[in-house]
Amino acid sequence: MDCYLDYNAETPIKPAVREAMAEAIGWVGNPSSVHGFGRRARRAVEMARDRVAALAGAAPGEVIFTSSGTEANNLALKGTGRRRLLVSAIEHDSVLGAAPDARILPVDHHGVVDLEALREALAEDGPPALVSLMLANNETGAIQPIAEAGRLARQHGALLHCDAVQAPGRMAIDRLGLGIDLLSLSAHKMGGPQGVGALILGDGVALEPQLAGGGQELGRRAGSENAVGIHGFGAACELAAEDLADTARIARLRDRMETEISALGGVLIAAGAARLCNTACIAMPTMPSETQVMAFDLAGIAVSAGSACSSGKVGPSHVLNAMGIDQALASRAVRISLGWRTTAGDIERVIEGWAVLHSQGSRGAATSRQSVFK
Amino acid sequence: MNQTVAAGDSSSAERGANVKLPIYLDYQATTPLDPRALEAMMPYFTEHFGNPHSTTHAYGSISAEAVERARGQVASLIGADPREIVFTSGATEANNLRSRVVAAFECEHYKGRRNRIITLVTEHKCVIETCNHMGRDGLDIVTLPVGGNGIVNLDQLSEMITGQTLLVSVMGVNNETGVIQPLAEIGALCREHGAHLHSDCAQAVGKIPLDVDAMNIDLMSIGP
Numbered sequence: 000m001d002c003y004l005d006y007n008a009e010t011p012i013k014p015a016v017r018e019a020m021a022e023a024i025g026w027v028g029n030p031s032s033v034h035g036f037g038r039r040a041r042r043a044v045e046m047a048r049d050r051v052a053a054l055a056g057a058a059p060g061e062v063i064f065t066s067s068g069t070e071a072n073n074l075a076l077k078g079t080g081r082r083r084l085l086v087s088a089i090e091h092d093s094v095l096g097a098a099p100d101a102r103i104l105p106v107d108h109h110g111v112v113d114l115e116a117l118r119e120a121l122a123e124d125g126p127p128a129l130v131s132l133m134l135a136n137n138e139t140g141a142i143q144p145i146a147e148a149g150r151l152a153r154q155h156g157a158l159l160h161c162d163a164v165q166a167p168g169r170m171a172i173d174r175l176g177l178g179i180d181l182l183s184l185s186a187h188k189m190g191g192p193q194g195v196g197a198l199i200l201g202d203g204v205a206l207e208p209q210l211a212g213g214g215q216e217l218g219r220r221a222g223s224e225n226a227v228g229i230h231g232f233g234a235a236c237e238l239a240a241e242d243l244a245d246t247a248r249i250a251r252l253r254d255r256m257e258t259e260i261s262a263l264g265g266v267l268i269a270a271g272a273a274r275l276c277n278t279a280c281i282a283m284p285t286m287p288s289e290t291q292v293m294a295f296d297l298a299g300i301a302v303s304a305g306s307a308c309s310s311g312k313v314g315p316s317h318v319l320n321a322m323g324i325d326q327a328l329a330s331r332a333v334r335i336s337l338g339w340r341t342t343a344g345d346i347e348r349v350i351e352g353w354a355v356l357h358s359q360g361s362r363g364a365a366t367s368r369q370s371v372f373k
Numbered sequence: 000m001n002q003t004v005a006a007g008d009s010s011s012a013e014r015g016a017n018v019k020l021p022i023y024l025d026y027q028a029t030t031p032l033d034p035r036a037l038e039a040m041m042p043y044f045t046e047h048f049g050n051p052h053s054t055t056h057a058y059g060s061i062s063a064e065a066v067e068r069a070r071g072q073v074a075s076l077i078g079a080d081p082r083e084i085v086f087t088s089g090a091t092e093a094n095n096l097r098s099r100v101v102a103a104f105e106c107e108h109y110k111g112r113r114n115r116i117i118t119l120v121t122e123h124k125c126v127i128e129t130c131n132h133m134g135r136d137g138l139d140i141v142t143l144p145v146g147g148n149g150i151v152n153l154d155q156l157s158e159m160i161t162g163q164t165l166l167v168s169v170m171g172v173n174n175e176t177g178v179i180q181p182l183a184e185i186g187a188l189c190r191e192h193g194a195h196l197h198s199d200c201a202q203a204v205g206k207i208p209l210d211v212d213a214m215n216i217d218l219m220s221i222g223p
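Which chain is which? The protein sequence lines are A and B, in order.
For the first sequence, numbering that gives the first Met the number 0 assigns the number 0 to the initial residue and increments by one for each residue that follows.
For the second sequence, numbering that gives the first Met the number 0 assigns the number 0 to the initial residue and increments by one for each residue that follows.
Hints listed in this document are in silico derivations from the structure and should not be mistaken for laboratory results.
Careful, some of the hints might be misleading.
What the hints assert, rightly or not - Listed next, the in silico BS3-like pairs over lysine-lysine satisfying Cα-Cα at most 27 Å (straight line):
#, chain 1, residue 1, chain 2, residue 2
1, B, K124, A, K77
2, A, K77, B, K110
3, B, K124, B, K206
What the hints assert, rightly or not - So these bits of chain B aren't anywhere near chain A, every CB distance computed over 12 Å:
#, residue
4, L76
5, H108
6, T176
7, V178
On a predicted model such as this, the values are computed, not experimentally measured, just so you know.
Note that beta-carbon positions come from the ideal geometry of N, C-alpha and C, so glycine has one too.
Construct all of the structure, not just a fragment, from the sequences and the given hints.
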């Protein structure tokens, strides 16, 4: 169990983040308390706020800490009070679920949102809209044309929300430069802990809190702050620069893997789009995704079929479906996502494993999971 | 007490650990993490980092097992069935979730026949606020006073509970005074009238015995 290639679901916590959290965990103090203990926790939270803001190209006052990216997405979609919602077909379930009546914008074969469809939707008569597009897709890594979408949104008096959960450390984020009004982040996709996220709220954007209670986060999100987790989130944001410096290495590993697996008969999905350096979505024509994932797991290689949140779901991914990928192919696709701990050895193993599985699939021997790897 | 060093100190959080702090007597606001709890958490900050939803690989199933084990531990602490536990980000979220669940339940199940919610003036802010929200949504919110000892007057509660009462929301232990409310008696009154009982037990858990079955508690909010 040492070849982990599911970074888009979850990243291992970085040692420096763990150290920061281990220090904070020894403290006690509710950040809202007035005494010294509370003030120390408050300082930790505010320092993290500065770091999250710096990562996102935002001001510290724009950062609202939440319990997750899912909560940040829900707060964004429900909190602005805008009823006219335009979201892409490849958004995360937490966006699609929070906006059940939204107009769905199509994507092309590479998994990139159709800007013309956005332009048309925005040009229609109606109240000011809220557009929600992810910065990069979790299943394919396809990077969305956010700067253009931001310009279109602005021209039509719409707000732009961007789920940037998969982006930190993999590409630069610039809230203002991209014209993003609301931006969601999550610590556990960037070497930080689970249970912490943030919504960055542009200056002047009105937000109705979705949790009632104490006045934490300037009245925008009630509930005692997860000071330890937030401290770890801040540390992870500082370290994201390291990851950005490592993207060329990660991209080389990913590209080599894709080249070799493609030569073995793998079908690369979304490879025509500008993508995150770390994500590959590859179909094995001879074997269903679930069988592959389980066989890889038995061989000590962790990969996934679609997103973690929907991995228990029957049927192909809504993302591949929206891209118009043939259903037979979509049901044979596996996501391989790399990260800070990934080595060339990991890539060798997954290529070898892929070759073995594919040949067994070709011979029709893949029905017995035990037989897949010796 | 060497508390002056920390007062008004603007030193960074990194240096904060070295600041001489006063005696800590604010356990109601937050408690120090028990070293044994920390020890139990550590593996999940290191090798067992999987997403509990990624159950198709070992990393994910190890995390999922930890979540389910914790669900059983939380359930046994309050005499509940593990399937009755919904993990949230905190008791504030749990109390908020309560109001949504209750409003939806009333709408679907009672269709306006049970529209009264009874709560206490001494409840936590998030309970009072969510009750206010439900009041704006058309539910009849009755906020009962408490006696000079901080305890609900059961006779008064008994008068207010009728066949129209959907929910009684009373905290187990008050966060400011530590007063313990008679949950078992309140639960019995609720049962008599077919009303449901929610209890914010964020302060009570681990301090007084709790049993959701014996106390007839339908919804309980707790935090670590």
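Outcome of the hint check:
{"no.": "1", "hint": "K124(B) - K77(A)", "verdict": "holds, 22 Å"}
{"no.": "2", "hint": "K77(A) - K110(B)", "verdict": "holds, 26 Å"}
{"no.": "3", "hint": "K124(B) - K206(B)", "verdict": "holds, 21 Å"}
{"no.": "4", "hint": "L76", "verdict": "holds, 20 Å"}
{"no.": "5", "hint": "H108", "verdict": "holds, 22 Å"}
{"no.": "6", "hint": "T176", "verdict": "holds, 17 Å"}
{"no.": "7", "hint": "V178", "verdict": "holds, 20 Å"}
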